Amino acid sequence: MSRVRVLVGTKKGAFILSADGKRDKWDVSGPFFAGWEIYHVKASPVDPNRIYASQSSGWFGQVIQRSDDGGKTWDAPGGGITPVPGEMPKASNKFVYDTSASGKPLTTHQWYDGTQHPWEFKRVWHLEPSLTDREAVYAGVEDAALFRSTDAGQSWHELPGLRGHGTGPKWQPGAGGMCLHTVILDPSDPNRIYIAISAAGAFRTDDGGKTWKPINKGLKSQYIPDPNAEVGHCVHHVAMHKSHPNVLFMQKHWDIMRSDNAGDTWHEVSGNLPTDFGFVIDVHAHEPETIYVVPIKSDSEHFPIEGKLSVYRSRKGGNEWEALTKGLPQKDCYVNVLRDAMAVDSLDSCGVYFGTTGGQVFGSADAGNTWMPIVQSLPAVYSVEVQTLP
Amino acid sequence: MIRVMLPAHLRALAKSESEVSLDVPEPVTQRSVLNALEARYPVLQGTIRDHVTQERRAFLRFFVCSEDWSLESPDAPLPAAVVSGAEPFYIIGAIAGG
Numbered sequence: 001m002s003r004v005r006v007l008v009g010t011k012k013g014a015f016i017l018s019a020d021g022k023r024d025k026w027d028v029s030g031p032f033f034a035g036w037e038i039y040h041v042k043a044s045p046v047d048p049n050r051i052y053a054s055q056s057s058g059w060f061g062q063v064i065q066r067s068d069d070g071g072k073t074w075d076a077p078g079g080g081i082t083p084v085p086g087e088m089p090k091a092s093n094k095f096v097y098d099t100s101a102s103g104k105p106l107t108t109h110q111w112y113d114g115t116q117h118p119w120e121f122k123r124v125w126h127l128e129p130s131l132t133d134r135e136a137v138y139a140g141v142e143d144a145a146l147f148r149s150t151d152a153g154q155s156w157h158e159l160p161g162l163r164g165h166g167t168g169p170k171w172q173p174g175a176g177g178m179c180l181h182t183v184i185l186d187p188s189d190p191n192r193i194y195i196a197i198s199a200a201g202a203f204r205t206d207d208g209g210k211t212w213k214p215i216n217k218g219l220k221s222q223y224i225p226d227p228n229a230e231v232g233h234c235v236h237h238v239a240m241h242k243s244h245p246n247v248l249f250m251q252k253h254w255d256i257m258r259s260d261n262a263g264d265t266w267h268e269v270s271g272n273l274p275t276d277f278g279f280v281i282d283v284h285a286h287e288p289e290t291i292y293v294v295p296i297k298s299d300s301e302h303f304p305i306e307g308k309l310s311v312y313r314s315r316k317g318g319n320e321w322e323a324l325t326k327g328l329p330q331k332d333c334y335v336n337v338l339r340d341a342m343a344v345d346s347l348d349s350c351g352v353y354f355g356t357t358g359g360q361v362f363g364s365a366d367a368g369n370t371w372m373p374i375v376q377s378l379p380a381v382y383s384v385e386v387q388t389l390p
Numbered sequence: 391m392i393r394v395m396l397p398a399h400l401r402a403l404a405k406s407e408s409e410v411s412l413d414v415p416e417p418v419t420q421r422s423v424l425n426a427l428e429a430r431y432p433v434l435q436g437t438i439r440d441h442v443t444q445e446r447r448a449f450l451r452f453f454v455c456s457e458d459w460s461l462e463s464p465d466a467p468l469p470a471a472v473v474s475g476a477e478p479f480y481i482i483g484a485i486a487g488g
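Those sequence lines, one after another, are chains F and G. Once you know that position 294 of the first sequence is 294 in the working numbering, the rest is easy, because the numbers rise by one and skip nothing. So the working numbering is basically just the index in the second sequence, starting at one, shifted up by 390.
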């Protein structure tokens, strides 16, 4: 029987939740890296036992961890004990912005007060293992940049074309920092990658990361000086179904957006949602037009309306939404659901999972019709990913 | 041998005991001790000093013989008690909640 493994990153460590295909009884392991912030945990689609974790701390900085046995044991790639000190080995936590072309920073970005500010590496928000290469993995970081490792996380190199294409001075941090939080690899075209940055917008490369273009036409953000600007939009998350790689769904700061041409243009599909502010958005594993969001009251009140936690589902690719509340707290629930904290499994009856800043992870084994809490008292959940295993 | 005391999180990263012993070539300084520590435990690169600037991370301090050496030159010779192994070199993280 198939089984699922839910990978959870939290404010105080990582957890792995495991169940068989029925998804009604769960084993919980962890905390891994106890006491550290775990922004993201994600497995390689090529080798499901290879899992990466982004471990960070205000004290000690960034570390990348890797497991090659499905999360039982972990090591920082290249981080073992060196018996005889000699040449300094590679360190998995070394993220240094590319200055090879000029020897100087490629650009500055806009600071909160409107002045220009140098890029400063803070942490890895998102890890995206290659769809085809067991040793390759991408990292979206704060301050916003995209890095790639081709040795399974041991060494990292920036893809500088993203920061170097010219609009960097107009990028600015959102409230959570200037993070590159979304990396989507196109399964039909290995040279096409989508990324998203708060607050710059979405970008696409069609040449494997050498050059990038902003893909924000159609986005309207009333909170920036030019609501229709080429860059500066606070994109919270983007999702794609692997069978329709030209169709993208976006949860912007406000607004649910859809593109049918690989991001060249967008149109709003918020429709009848009670609020179109939120962070997560995801697509059903088998129905490319079925999408999920968790509406949050507003950008100043990051919790569900009236304390009622609700997932909304559209079966028509947006505009027409239905509330899914069965099994979710409908009273006194004032949590948030962060941008990387929703995922779907690919069992026949699609499972949907999300985590909250209140430490709950909810799961649905019937595409969202009913929900059950898998765990209720973890540290604040930063990210949720799911593996469907044979 | 130079003795270095690690805070709990770095000990977990290095998979070491709280105290580690290192061969450090003379002159024994903050820089040479940290170089030897990072050479032996590569995972600690970047966790104590910035990868590029090699400056001490803001929330860490270095103590030697009950004195704060955090702001001393990284190339200043450490006291004889550290060189002889009688006293350890302490790496301490700022204490904070949350």
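Just so you know, these hints were derived from the structure itself, not from any lab. This one's a predicted model, so the numbers in the text were calculated from it and none came from an experiment. One or more hints might be untrue.
[To be verified] A few chain F residues that face chain G, going by a derived Cβ cut-off under 7 Å, partial list only:
{"id": "1", "residue": "46"}
{"id": "2", "residue": "59"}
{"id": "3", "residue": "60"}
{"id": "4", "residue": "61"}
{"id": "5", "residue": "76"}
{"id": "6", "residue": "78"}
{"id": "7", "residue": "94"}
{"id": "8", "residue": "99"}
{"id": "9", "residue": "229"}
Beta carbons are placed, not taken as given, at the ideal position from N, Cα and C, and that holds for glycine.
field: Numbers of the earlier hints that this structure fails to satisfy, in rising order
entry: Failing hints, ascending: 1, 8 and 9.
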